[in-house]
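Trainee: Position 306, counted from 1, in the sequence shown is what the working numbering calls 1034; the numbers after and before it change by one each time, with no gaps.
Watch out, some of these pointers could steer you wrong.
What the hints assert, rightly or not - No more than 25 Å apart at the CA atoms, straight line, and that leaves these computed lysine-lysine pairs for BS3-like: (1) K897 - K861; (2) K730 - K830; (3) K948 - K903; (4) K891 - K861; (5) K891 - K761; (6) K805 - K830; (7) K861 - K929; (8) K960 - K891; (9) K984 - K948; (10) K891 - K857; (11) K830 - K903; (12) K929 - K858; (13) K903 - K1020; (14) K1020 - K857; (15) K818 - K857.
As the list claims (entries may be wrong) - Pairwise CB distance ranges (calculated): (16) Y1007 - E787: 18 to 24 Å; (17) I868 - E936: 28 to 34 Å; (18) N840 - C1071: 28 to 34 Å; (19) G843 - T747: 22 to 28 Å; (20) E802 - Y1007: 32 to 38 Å.
Hint data in this document are derived by calculation from the structure and do not stem from the laboratory.
The beta-carbon is built from N, C-alpha and C at its ideal position, and this holds for glycine as well.
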Amino acid sequence: MKLIRTVDAEGTVLCHDITQIIKGVTKDAVFRKGHVVTKEDIPVLLSVGKDQLYVWEKEEGMLHENDAAEILCEMCKGEHMERSQAKEGKIELTAACDGLLKVNNPAMKAVNGFGQMMIASRHGNFAVKKGDKLAGTRIIPLVIEEEKMKAARAEAMEVTGGKPILELKPFVHKKVGIVTTGNEVFYGRIQDTFTPVIEEKLAGFDTEVMDHVTWNDDDKKVTASILDMIEKGADVVICTGGMSVDPDDKTPLAIKNTGARIVSYGAPVLPGAMFLLAYYEVAAERCKEGTKPRTVAVMGLPGCVMYAKRTIFDLVLPRVMADDVVTAEELAALGQGGLCLNCPVCTFPNCGFGKGC
């Protein structure tokens, strides 16, 4: 690549796009990389402020911005993603299906730490729709050392174990069982307003409610119902109510007595501190013929899910629907960003709720 005067550029090959910006009208390339400059092009180039031009002169060990951008894209692009063409060293990735976006933060930080290149994405562990923009990658200079790109790729792959930095996990069809608890609902003293909220949130995913029962504050009945729903093929069991520490709130005990592995009873999220998450492993010998062993997510939802616009349930549900196992460490990390501000107009997920460090 060499720098020449535009008036002397006839017959040379541009090594980068030339952008024309007209406020409120256009911002696009008036000439693309590889364009052979003609005599008629020179006044146009001068009109967009290009008194000098970089024209292509191949230099050993250096990569053009678009070639380097392809390497960045390769590092990032996982399955179920679509990409744009390289333009001015930039490539964008979009979702090819509905799903859960996962971001390997240490790998992204490592690449961005090299300088002269960048990856920017939306937050991981949130639901995305088909067509949503996921990330943008860009090379900052017009050319970059090939060895630098190789080093960045090697470090990223070491962190990820050879996998892409970004992953899109498609949502999976789920059969859901709901266990409503509470004497006040069971004996008809009040109307069940909790279950409709759960059904509304489930409607945003590929789910079917295959069973729903209501019990009084009897932990043995709740335990039996959870196990019965699992036996019938439930992939997710949601228990509503009875999640406090009052003597008659026995849902946590009922879930524990199923034999499920308790991930956490309590989460650093408001609303939703009394949330419980557990996983029940269905052994092969208990599965129907031709089916594989499976893991059932069992959730105990506190009362705030019934009346608060957004809660811990909104943060965990997309992950459950994508078969993305949630750990106790990940729940603990929700503290920073785990405070919902109850804005007069809710813009979730386009806000800070659930977006920790």
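Trainee: Now, for every hint given, state plainly whether the structure supports it.
Mentor: Now the hints, each set against the structure:
1. K897 - K861: At roughly 15 Å apart (the allowed maximum being 25 Å), K861 and K897 satisfy the hint.
2. K730 - K830: 41 Å, violated
3. K948 - K903: 23 Å, holds
4. K891 - K861: 20 Å, holds
5. K891 - K761: Distance ~31 Å between K891 and K761 Cα, so the pair is violated.
6. K805 - K830: Judged against 25 Å, a Cα distance of about 11 Å means the pair holds.
7. K861 - K929: OK: K861 and K929 at ~23 Å, within 25 Å.
8. K960 - K891: 36 Å, violated
9. K984 - K948: 11 Å, holds
10. K891 - K857: 22 Å, holds
11. K830 - K903: 24 Å, holds
12. K929 - K858: 19 Å, holds
13. K903 - K1020: Since the Cα atoms of K903 and K1020 sit roughly 15 Å apart, the hinted pair holds (cutoff 25 Å).
14. K1020 - K857: Given pair K1020, K857 is violated - Cα atoms ~29 Å apart, limit 25 Å.
15. K818 - K857: 22 Å, holds
16. Y1007 - E787: 18 to 24 Å: 55 Å, violated
17. I868 - E936: 28 to 34 Å: 49 Å Cβ-Cβ, so the 28 to 34 Å window is violated.
18. N840 - C1071: 28 to 34 Å: 31 Å, holds
19. G843 - T747: 22 to 28 Å: For T747 against G843, whose Cβ atoms are near 23 Å apart, the range 22 to 28 Å holds.
20. E802 - Y1007: 32 to 38 Å: 34 Å, holds
The structure fails to meet hints 2, 5, 8, 14, 16, 17 from the earlier list, while all remaining hints are met.
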